[in-house]
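Here is what each chain is made of, one letter per residue.
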Amino acid sequence: MATNSTQPPAHGWRGTLQQFLAPIPALGFLLGMLACVLIEKGAGEGLAGLLGLPKIPILFGLVNIFNVIGGVVHMIKGAPFEVASLLQIPASLAYFALVYLLPLAIVARLLAKPANQVAGGLQGRSLLISVLIHLALLYAVLHLWTTVNDYRLITLKIMLVAVLFTLSLNVINGYMGEFSCSHPGFMAIGAYMSSLFTVGLFVDDKVLGAAKLGFSMAYLTFPLALIFGGIAAALAALIVAIPSFKTRGDYLAIISLAFLFIVKSLFENLQGLGGARGISGQPDWASLPVIFIVVVVGIWVINNFVTSSLGKALNAVRDDESAAEAMTVNTRKTKMAAFMFGAFWAGMAGGLLAHVLRYVNPAMFGIQKLAEVLAMVYFGGLNSVVGSIVGAVSISLLGEALRPLEIFKWIVIPLLLILVMIYRPTGLIAFREFDIRKILRPKGSLDEEV
Amino acid sequence: MALLQINHMTHYFGGLRAVSDFNLSIEAGQIRGLIGPNGAGKTTIFNLITGIYTPTEGQVEFKGESILGLQPNQIASRGIGRTFQDLRLWRHMTVLEHVKLARYSKLTYGLMGAFFDTPHRNREEHESEARARELLQLLGIEHLADQIVTNLPYGAQRRVEMARALAIEPQILFLDEPTVGMTPEELTQIMDVIRSIHSKLGLAIFLIEHRLKFVMELCERIQCLVFGEAIAEGTPDEIQNNPQVIEAYLGKDMVET
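Chains A and B, in that order, give the protein sequences.
Quick note on my numbering: the first sequence kicks off at 505 and runs consecutively.
Quick note on my numbering: the second sequence kicks off at 2 and runs consecutively.
Please keep in mind that the hints were generated in silico from the structure rather than gathered at the bench.
Any given hint could be a false lead.
[Claimed, not checked] Far from chain A, by Cβ distances over 12 Å, these chain B residues were calculated:
1) Met94
2) Gly114
3) Ala115
4) Glu126
5) Leu188
6) His211
7) Lys214
[Stated by the list, open to error] Mimicking EDC-like on lysine to aspartate or glutamate, the simulated pairs with C-alpha atoms at most 20 Å apart in a straight line are:
8) A:Lys559 - A:Glu904
9) B:Lys214 - B:Glu178
10) A:Lys750 - A:Asp824
11) B:Lys214 - B:Glu187
12) A:Lys942 - B:Glu187
13) A:Lys942 - B:Glu178
All C-beta atoms, glycine included, are put in the ideal place defined by N, C-alpha and C.
Bound conformation, chain A alone (with noise of 0.2 Å):
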């Protein structure tokens, strides 16, 4: 989709920060990121300690700074409130901005220009590893991030499923444009499926049975544990599929929630799986190297299916669909296996997430995870690969950064999707094309351009 490119500069302070960060390449805003958490490991505790903070903020201040606004909610509802913990507020701001913000500014800005000259280079080389360099890097960045605390490790964990997860729905709701509300099921039944898998061959339990197997390798089979969840999802998929898809209409939507509820139902009732118990126990196989590696395989399977003809296809059922009969493509193949391929991968976002949190019950996936996802798919934006990671991203993160707020939180939430639906009907980042070669290339400074 094209994008205009030649904008003319805003002015005041929007001006400032685009002529600002204009220059700087994908590899100057890692570098400077890197420098962030490097900055960070080596003293966030000292300059914690000396803003006051108790230790180092966790999400970048915001759950400090919600502490204090959850503290003020409670006392309205009578419970004391310390006026002194009023100053973390400044203080986590202090922090964010001495640790993150300013770091990566300068850094990035001043790293522009031989960032630009490595870009160009690698530009010039192959696509591949010029991409292998820079997810090394965002790598390097995540894995750093996450050693300074476990409660981190296991969010960014959660985030990542999440990014994977929103992208398999905006495949069916966004660029197919039905509206699906059986995702969760698809999710339980791949984190089902592959922990069936995983425990119940490897792992002495007492739903499953003693191991099956047992080798010193055996965390080499987790990907076929993940793959065999997908399958399981993808296939429970055609049963939603070939009913809903003879007829157009609100048909999927109905069809799906009867699905989902169906499929936890099932999942309550079979004691064989734990029943609402559900399996625990799963080995520690998922590891935020694994993750990462199958997000980033998820984003680029999915990116090339929608960018090709057949993946157009989907958009074109979506604007009309007899007149992409017309044009020779065939419509029901194309749904069917769009909605298949979501639910394939939803089932190995749920196969991720059952071995990060090593249990998975039929709780996990009720109406409130359907709400999560959709929240993250229409605030990111349809039909765009970027908008699924920032929406699944920035809800995450709120999610947690609110949970001090408690049930404040499921206000404040929907209020903020509200507000996205009246200014940007279609979600932040909508029907924007991801491409890969565009966000690694050099920039040049704004005045070059002009």
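Knowing the structure of chain A, use the given hints to seat chain B on it.
Only chain B this time, still in chain A's reference frame:
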């Protein structure tokens, strides 16, 4: 043997007979017109041939084979391209994407090719893009390739639809009122476009039209449809002077006086 041969095609919508005993034979490379007042069933005939509806009775043969009961996409990929009276473009897609997508049935890389970005896929996508650009050039809209269709003026959207229909490499092109809503200037332009695609690609064209001047100038043979029945067939001159046609268009009183 005729390219498209229709014998005794009849269609009912419930109890209403929309098309009755319609016969047609179009030779390769011929331009044919179908005229008639509003509601005569012209678009229904298009929809019956292209598989959106299945005729209640009758035979439809294309290149000597029956295409009755096939899905619209199967019929299209055998070589029948069409445009729609109410433009049916895909509103979030660019011009180039429209034309490329109509080559769907020519792609052989399959789902695995789509998922894993294979060389096979890259080759076919490039071929498809090159072919799409040629068609855009033929229709004079190559400069609009990267525009989203909804941003384009009406005349350009018509051309996009035609380019898209040509991308399926049809042997016959159905045009459903290609001049509707056009200014006289756009009208002469689109006439030139139709003439040039006819001469360059050598395909047969079957068009529905309201503007008689347009049909008379373009078509070799014309049929006139009234209430689902073909009341006359002939060359433009014959049709113009046929009392039944004049009656259908202007009313009985005008003919008598």
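ask   = When the hints from earlier in the document are held up against this structure, which numbers fail?
value = 1, 2, 3, 4, 12 and 13
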